[in-house]
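Q: Here are the chains, one letter per residue:
2 protein chains.
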Amino acid sequence: MELPGTLNEAVTQLKRLPGIGERSAIRLALSILSWDQENIKNLSSSLSGLLDIKNCISCNALCDNEVCSLCNDPNRIDKPIMCVVESMSDLLAIENSGEFAGSYFVLSGVLNPLKGIGPDEIGVPNLCKAAINRKISNIVLAVNPSIEGDATCSYLNEVLPDGIIVDRIGFGVPMGGSLEYLDSMTISQALKNRKTL
Amino acid sequence: MELPGTLNEAVTQLKRLPGIGERSAIRLALSILSWDQENIKNLSSSLSGLLDIKNCISCNALCDNEVCSLCNDPNRIDKPIMCVVESMSDLLAIENSGEFAGSYFVLSGVLNPLKGIGPDEIGVPNLCKAAINRKISNIVLAVNPSIEGDATCSYLNEVLPDGIIVDRIGFGVPMGGSLEYLDSMTISQALKNRKTL
Numbered sequence: 033m034e035l036p037g038t039l040n041e042a043v044t045q046l047k048r049l050p051g052i053g054e055r056s057a058i059r060l061a062l063s064i065l066s067w068d069q070e071n072i073k074n075l076s077s078s079l080s081g082l083l084d085i086k087n088c089i090s091c092n093a094l095c096d097n098e099v100c101s102l103c104n105d106p107n108r109i110d111k112p113i114m115c116v117v118e119s120m121s122d123l124l125a126i127e128n129s130g131e132f133a134g135s136y137f138v139l140s141g142v143l144n145p146l147k148g149i150g151p152d153e154i155g156v157p158n159l160c161k162a163a164i165n166r167k168i169s170n171i172v173l174a175v176n177p178s179i180e181g182d183a184t185c186s187y188l189n190e191v192l193p194d195g196i197i198v199d200r201i202g203f204g205v206p207m208g209g210s211l212e213y214l215d216s217m218t219i220s221q222a223l224k225n226r227k228t229l
Numbered sequence: 033m034e035l036p037g038t039l040n041e042a043v044t045q046l047k048r049l050p051g052i053g054e055r056s057a058i059r060l061a062l063s064i065l066s067w068d069q070e071n072i073k074n075l076s077s078s079l080s081g082l083l084d085i086k087n088c089i090s091c092n093a094l095c096d097n098e099v100c101s102l103c104n105d106p107n108r109i110d111k112p113i114m115c116v117v118e119s120m121s122d123l124l125a126i127e128n129s130g131e132f133a134g135s136y137f138v139l140s141g142v143l144n145p146l147k148g149i150g151p152d153e154i155g156v157p158n159l160c161k162a163a164i165n166r167k168i169s170n171i172v173l174a175v176n177p178s179i180e181g182d183a184t185c186s187y188l189n190e191v192l193p194d195g196i197i198v199d200r201i202g203f204g205v206p207m208g209g210s211l212e213y214l215d216s217m218t219i220s221q222a223l224k225n226r227k228t229l
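Chains as they are written, first to last, in this note's numbering: chain Y, 33 to 229; chain D, 33 to 229.
Please note: incorrect hints may appear among the correct ones.
Intra- or inter-copy, both count: the list cannot distinguish identical chains.
Stated by the list, open to error - Mimicking EDC-like on lysine to aspartate or glutamate, the simulated pairs with C-alpha atoms at most 20 Å apart in a straight line are: (1) 73 / 84; (2) 86 / 34; (3) 86 / 98; (4) 147 / 68; (5) 227 / 153; (6) 47 / 199; (7) 86 / 68; (8) 73 / 41; (9) 111 / 127; (10) 224 / 212; (11) 47 / 68; (12) 111 / 54; (13) 86 / 70; (14) 86 / 41; (15) 47 / 70.
Quick caveat, the hints were computed from the structure, so don't treat them as lab data.
Looking at chain Y on its own, in the form it has when it is part of the complex:
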């Protein structure tokens, strides 16, 4: 049996979401159908509302206005330390840890010359400007460990203004991790990054 056209259209669109296959999409669509009209309208309008979201002119994070709440917070923006991430979801992950109290800069991904993604595309000039404007003395590169991530960090270390200490987040055994199941690259990093007790 073919799905009714309107249901099929919703399933086609929901399948575009990450981790949602044909069966999950049908399940989601049928579940939405069981909601009352008001809730269906709210879901639909909240998603089209995402079209109004902006990027902070100072740090490139997603926000409702010109400047995001973190860049408007003197307790954060006036600190001399800045964390550089490659996506908004990484910024949220760091914020959730509660460990970092400085300001952020969100790159638009990482360098990938094969795909034509260079420093301008990911926003390196704006990062340099922000570092100077905010009088940053320490930058923490919280870029994911990958070939492109590593290359991006090396490049940033070269082009960031002189006099700024550039750190990269530490690599090693994750909390709750088990040496037995970790890959050898991680164990090798954990041994290199050992700390005297």
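Chain Y is already provided as a structure; the job is to place chain D on it using the hints.
A: Leaving out everything else, chain D in the frame of chain Y:
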């Protein structure tokens, strides 16, 4: 950090979906934000399009028009066998098996006196009418095994028109299942439903 308002609203709405928690909702919303505008509009409008879906006047399945494609198909609707399911998703599961070639009737759930859901609420009168109109001689109750499902089957067996053979789908070990991991109720059913080879 608080999420931007529009993003937060989308996350709140996405969290209403089954199996989607806070983290998944944020992941979905950020992923949608990376789409181009046209695709975001398509997703949003396809979901509000679900408001237009109807129930087939003959079998109560979801459809775009008055009558669904199965009830419009003489190869299906003229067969003397009808399958009764408790939801559209169960109908789709049976259609996917390719094993059933008759017509359907979709109940609006199962009987649940404690929640005030009686025969009229789940559409039993319409089921009886459909059975007579379609000159059905055999009804297969493909209702899930649960206390309410069992009670619904017993009730339907009593009220369905005389002269119609009422079957219930078979219970036993699922294909690929392992006796070792199955609950004792299923094994007990599998033993009762054994077949001579």
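Q: Now tell me if each hint is right for this structure.
A: Status of the hints after comparison with the structure:
1. 73 / 84: both (17 Å within a copy, 12 Å between copies)
2. 86 / 34: Between copies only: 15 Å across chains, 40 Å inside a chain, cut-off 20 Å.
3. 86 / 98: within (7 Å within a copy, 44 Å between copies)
4. 147 / 68: between (45 Å within a copy, 18 Å between copies)
5. 227 / 153: neither (37 Å within a copy, 67 Å between copies)
6. 47 / 199: For residue 47 and residue 199, the Cα distance exceeds 20 Å both inside one copy (40 Å) and across copies (36 Å).
7. 86 / 68: between (31 Å within a copy, 14 Å between copies)
8. 73 / 41: both (16 Å within a copy, 13 Å between copies)
9. 111 / 127: within (15 Å within a copy, 62 Å between copies)
10. 224 / 212: within (18 Å within a copy, 46 Å between copies)
11. 47 / 68: between (23 Å within a copy, 16 Å between copies)
12. 111 / 54: neither (48 Å within a copy, 30 Å between copies)
13. 86 / 70: between (27 Å within a copy, 17 Å between copies)
14. 86 / 41: Between copies only: 15 Å across, 28 Å inside.
15. 47 / 70: between (23 Å within a copy, 16 Å between copies)
The structure fails hints 5, 6 and 12 (numbered hints given earlier, in ascending order).
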